[in-house]
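Asker: Let chain H serve as the given structure and place chain V on it in line with the hints.
Spelled out from the first residue to the last, the chains are:
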Amino acid sequence: MIKFFLMVNKQGQTRLSKYYEHVDVNKRTLLETEVIKSCLSRSNEQCSFIEFKDFKLIYRQYAALFIVVGVNDTENEMAIYEFIHNFVEVLDEYFSRVVSLIIMFNLDKVHIILDEMVLNGCIVETNRARILAPLLILDKVSES
Amino acid sequence: MSDIVEKTLTALPGLFLQNQPGGGPSAAKASFSSRLGSLVRGITALTSKHEEEKLIQQELSSLKATVSAPTTTLKMMKECMVRLIYCEMLGYDASFGYIHAIKLAQQGSLLEKRVGYLAVSLFLHESHELLLLLVNTVVKDLQSTNLVEVCMALTVVSQIFPREMIPAVLPLIEDKLQHSKEIIRRKAVLALYKFHLIAPNQVQHIHIKFRKALCDRDVGVMAASLHIYLRMIKENSSGYKDLTGSFVTILKQVVGGKLPVDFNYHSVPAPWLQIQLLRILGLLGKDDQRTSELMYDVLDESLRRAELNHNVTYTLELLYRITNAQNVTVIVQKMLEYLHQSKEEYVIVNLVGKIAELAEKYAPDNAWFIQTMNAVFSVGGDVMHPDIPNNFLRLLAEGFDDETEDQQLRLYAVQSYLTLLDVENVFYPQRFLQVMSWVLGEYSYLLDKETPEEVIAKLYKLLINDSVSSETKAWLIAAVTKLTPQAHSSNTIDRLIQEFTISLDTCVRQHAFELKHLHENVELMRSLLPVDRSCEDLVVDASLSFLDGFVAEGLSQGAAPYKPHHQRQEENLSQEKVLNFEPYGLSFSSSGFTGRQSPAGISLGSDVSGNSAETGLKETNGLKLEGIKKLWGREGYLPKKESKTGDESGAPPIPQESIMENVDQAITKKDQSQALTQSKEEKEKQLLASSLFVGLGSESTVNLLGKADTVSHKFRRKSKVKDTKSGETTTTHNMTCSSFGSLSNAAYEDNYYLNTLHDRGDKELKKFSLNSELLDSESLTELPLVEKFSHCSLSTPSLFADNNMEIFHPPQSSTASVANESSLASSFLEETTEYIHSDVMKVCNNETISVSSNKVWKDDCLLMVWSVTNKSGLELKNANLEIFPAENFKVTEQPGCCVPVMEAESTKSFQFSVQIEKPFTKGNLSGFISYHVMDTHSAQLEFSVDLSLLDFIRPLKISSEDFGKLWLSFANDVKQNVKMSESQAALPSVLKTLQQKLRLHIVDIIGNEGLLACQLLPSIPCLLHCRIHADVLALWFRSSCSTLPDYLLYQCQKVMEGS
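Residue numbers (the UniProt record's numbering), protein chains in the order written: chain H, 1 to 144; chain V, 1 to 1059.
Okay, chain H solo, but in the shape it has when bound (with noise of 0.2 Å):
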């Protein structure tokens, strides 16, 4: 299961968080400040999977940014590390292409594709078209 989602820079700002588990607002700064350190600890050579406390990270890193999930023993790692990059896929195809910014400013974009293919910690998605069909047609909405 997947227990968070987080999108960090460089710098160890996030960028976007999710948590499949409730965790105290508070306590997720500090969470993701570690998570983030550990990432950044390693080199390109070394693995992508790092054991964290009770779960366990992957990661994968785009020009300046991280995108780190967090996930408990049962999940695949190999399965999780190409999810992340299915789910930048569909990030690049939807904003045409995608650079940090572009997340910034459409947070909320990015949130709804993201929940499109999670939802209760399980990749339930992984089809680009129909994981970006309901925001289109959102966006057909709104603009007319």
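Derived from the structure by calculation, the hints contain no laboratory data.
One should not assume that every hint holds.
[To be verified] Quick list of in silico lysine-lysine cross-link-like pairs, BS3-like style, CA-CA up to 25 Å: (1) V/Lys212 to V/Lys241; (2) V/Lys449 to V/Lys461; (3) V/Lys957 to V/Lys858; (4) V/Lys49 to H/Lys18; (5) H/Lys37 to V/Lys992; (6) H/Lys18 to H/Lys3; (7) H/Lys10 to H/Lys56; (8) H/Lys140 to V/Lys103; (9) V/Lys979 to V/Lys1054; (10) V/Lys234 to H/Lys3; (11) V/Lys49 to H/Lys10; (12) V/Lys49 to H/Lys27; (13) H/Lys18 to V/Lys103; (14) V/Lys64 to H/Lys27; (15) V/Lys140 to H/Lys140; (16) V/Lys975 to V/Lys1054; (17) H/Lys37 to V/Lys997; (18) V/Lys64 to H/Lys10; (19) H/Lys37 to V/Lys49.
Answerer: Then chain V, alone, in the frame of chain H:
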């Protein structure tokens, strides 16, 4: 490349506009909607926690006023929600806005409603009291005729819903299971999954509907139902065995590529769905032979379709788990087939471990077991975990309940090995040979056809084989020794003793002497090496009390008392502290400077240490030669009496104790040096191991019988043999590498970090460090991409013909997927693999054209690329870009710079190579672009670009030795201490900064000192020695150019301040 970045840059203004409310925004609204924009900009510009707090508190108070103001429209409220989400995301309480999120979900239309729901799902938790207020909205939306609203409601229900209110929505959601739209059905199933999570009893009555969902004609609905099934099966697998067939069929269809193509991910059919199905099958088949049998075909199929290399861990794990006594032969056969094709060490290590375990557990008969283990040892050989041969031998030795059965197994093993050894020109891994030696030594007596002499002859043949390692030779001699009492003729044995007692290998020689002495006393030999007693317990006098008399005698003659190992080590460390400050002598000692200490060694050393390095080296040499020679005579380790009487080397007798002392010291020293030399190799291994998650120890120990303490008592005798041996080999090994000198463990760790840093330094540089100014606007291309491609190209060919299931690893070895990924990675990355370059900067523009520039830091020059984009719909003629001559710069135009015609909306680039004449701090290049529009009026646009000295600095890749030579040859030097904050003052991070920001090459790292080198184009070298002491960074530049060190120092200080 410029394309992409430019696209990004030009997209930015659009982004800001996007946040303008559509449809003739009033001035007030416009200024309001840019609040989100300014918040985002504010957040990106943050430099400290303090600033953040200020910004967010301001934001929160402004939000507090806005959300409760009656004039706030829903549209504005939507923006407010996003801003509130930001504030909470950064850790600030925004609870005053929660109720407004619920209101927005209630009142807003579509996108606003969606954002309202989103904010609710982010802000509230399951048991939050406000959540009850949402129920009515959800009920209303579930009944809406607008499908988008129904979707939203279903989504939020699946995310967060009060348990006690489930009955209010359950019938509505059940209805949706029959909806005509797949997305509604799918989301309804997911909502039911949520209910199943929080209140399983409430959905018990609809289990039949889950089955319908499982058989839904739409893949998405079916896939959604699997979440429920996985959960239910986990709780009670026996209740769902009847569904095995359905899951198998589904998996068969998925694997067979029957799904719509948009479910493929990088040409793998629905990998996550496959995983989910495999998980379910794993649960259903666990401990259930009959159910498992239903799956074999599809698992087999999945395997065949899979690029096993990539999902081997998962699939094999599954196979491994469903293995039992019946299917073991098939599964192990499959595993072995794959094993024979694998070249990747991790796969081999992992697989041989699994095979060995399965074989041990489920072996149907002796022959199969021994043959399987033969395969394991032949392939796994020297990479497998030492536990495998250990366990195997223990199993042979300890046996099972049935003694006859045990003997048969042993006999079969012996026969099998003899057959293997008969095959000409086959090389077996050393550890396999060691296993054979042990087994042959112990159990050859079971043979009735072959005589011990014949076995000895075979072992002897191996002994004289050059490809056999000396460690294995020791095993072989041990085996011969064990067989000797049983042999009637001793021809081969005599020959062996003759040849190996003069062996140059001390370890082998030692064993040969043991054999020689024992051979002279056959009675002793029989009692020492009884037949088939390897499992008997031995009583070991660990305190060596039988030597007490000897020790007392030694002490009474004035020998120094024995010091425990750790004490000696401490003493040695404290002695060697001085050495750690010696920066270069050590790295030279491996080169041509050995023997006489080089003048370089001294003059290079920082003030304290020149001499100590010299003495340090000398000391090591001295110890190595003298100490060892006297202890290791021609006959191996000299026993006590022989050192008094029969020392053939003629050296004067030396009191035993002092020799011991010497050797102890030597060994301690060498232990450390060994740690150093092994460090690189070991760390590579560790790195590999950690990146491949080898749970097993990555230790490369080749000793068959492992650590004495982990081996059961019954193996004590064996492990003792091994201990002596490994002790010896270590020592000999140490002697060869002691010239590397000694370093503290701290240095060792630094090295570790920096080796990795060093290795990937260049790649890393190319990829991102230079883009740091524009970090936040970078395209989200993935950094390690290029590297992964290269890894992939090395990947093992698959055992199976089809590779439809390349599940877990999209960057495949195929070029197709390279192309695939590069849609993301873009040409930007491709070019960067060639040269490093800056981001594109817009330098000037007007209504017709825009000019942007970027710098390409080529190896031999700076290449300036100006891209001119014709934004107009008109054709431009005679477009020409010229650079004004500038002092100190030599600018050369690359061919093709004048473009006769520039089509509408096209981009042309102009390239100039730039060289400099002398170092400078800041420079500037300016030029203009001129063009004609429609043959009529001509226009001209000027621009300029700043250049920094760093644009002309390139890493200078030299070895430590060359560094040393150059260092001495340079006369111009500049020293400066830079004070740093404590957090910065770590050598790795400093070196990393220097490497990335200044493009210095890290030549070497010695303890807390680093050597770096660079060159100013075209070819002025500059060297930097830096050292961290407390919070002071001491920089020391040397160069052949008199001004360059100063300029570099300036840049260096700048980046240090900036970092």
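Asker: Evaluate each hint against the coordinates.
Answerer: Checked hints:
This hinted pair checks out: V/Lys212 and V/Lys241 have alpha carbons roughly 17 Å apart, not beyond 25 Å. Annotation: proposed proximity of V/Lys449 to V/Lys461 holds, straight-line Cα distance about 20 Å (limit 25 Å). Between V/Lys957 and V/Lys858 the alpha-carbon distance is near 15 Å, which keeps this suggested pair within the 25 Å criterion. Simply put, V/Lys49 and H/Lys18 have alpha-carbon atoms about 22 Å apart, close enough for the 25 Å limit, and the pair holds.
Between H/Lys37 and V/Lys992, the direct Cα distance comes to roughly 17 Å. Compliance with the 25 Å bound is thereby established for this hinted pair. Using a Cα cut-off of 25 Å, the hinted pair H/Lys18 and H/Lys3 holds, with the two alpha carbons roughly 9 Å apart. Only pairs whose Cα atoms come within 25 Å are accepted, and H/Lys10 paired with H/Lys56 is accepted, the gap being roughly 20 Å. Between the alpha carbons of H/Lys140 and V/Lys103 the distance comes to roughly 23 Å, so the proposed pair stays at or under 25 Å and holds.
For the given pair, V/Lys979 sits about 12 Å from V/Lys1054 by alpha-carbon distance, which is consistent with the 25 Å threshold. As the CA atoms of V/Lys234 and H/Lys3 are separated by approximately 19 Å, the hinted pair is consistent with the 25 Å bound. Proximity of V/Lys49 to H/Lys10 is assessed by CA-CA distance (about 15 Å); at most 25 Å being required, the pair is judged to hold. Proximity of V/Lys49 to H/Lys27 is assessed by CA-CA distance (about 16 Å); at most 25 Å being required, the pair is judged to hold.
This hinted pair checks out: H/Lys18 and V/Lys103 have alpha carbons roughly 22 Å apart, not beyond 25 Å. With a C-alpha separation of about 23 Å, the suggested pairing of V/Lys64 with H/Lys27 holds against the 25 Å cut-off. Of the pairs offered as hints, the one joining V/Lys140 and H/Lys140 holds, with about 23 Å between alpha carbons and a cut-off of 25 Å not exceeded. Between the alpha carbons of V/Lys975 and V/Lys1054 the distance comes to roughly 16 Å, so the proposed pair stays at or under 25 Å and holds.
With a CA separation close to 21 Å, the supplied pair H/Lys37 and V/Lys997 stays within the 25 Å bound. With a CA separation close to 31 Å, the supplied pair V/Lys64 and H/Lys10 exceeds the 25 Å bound. Restraint check for H/Lys37 and V/Lys49: the C-alpha separation of about 16 Å stays at or below 25 Å, so the hint holds.
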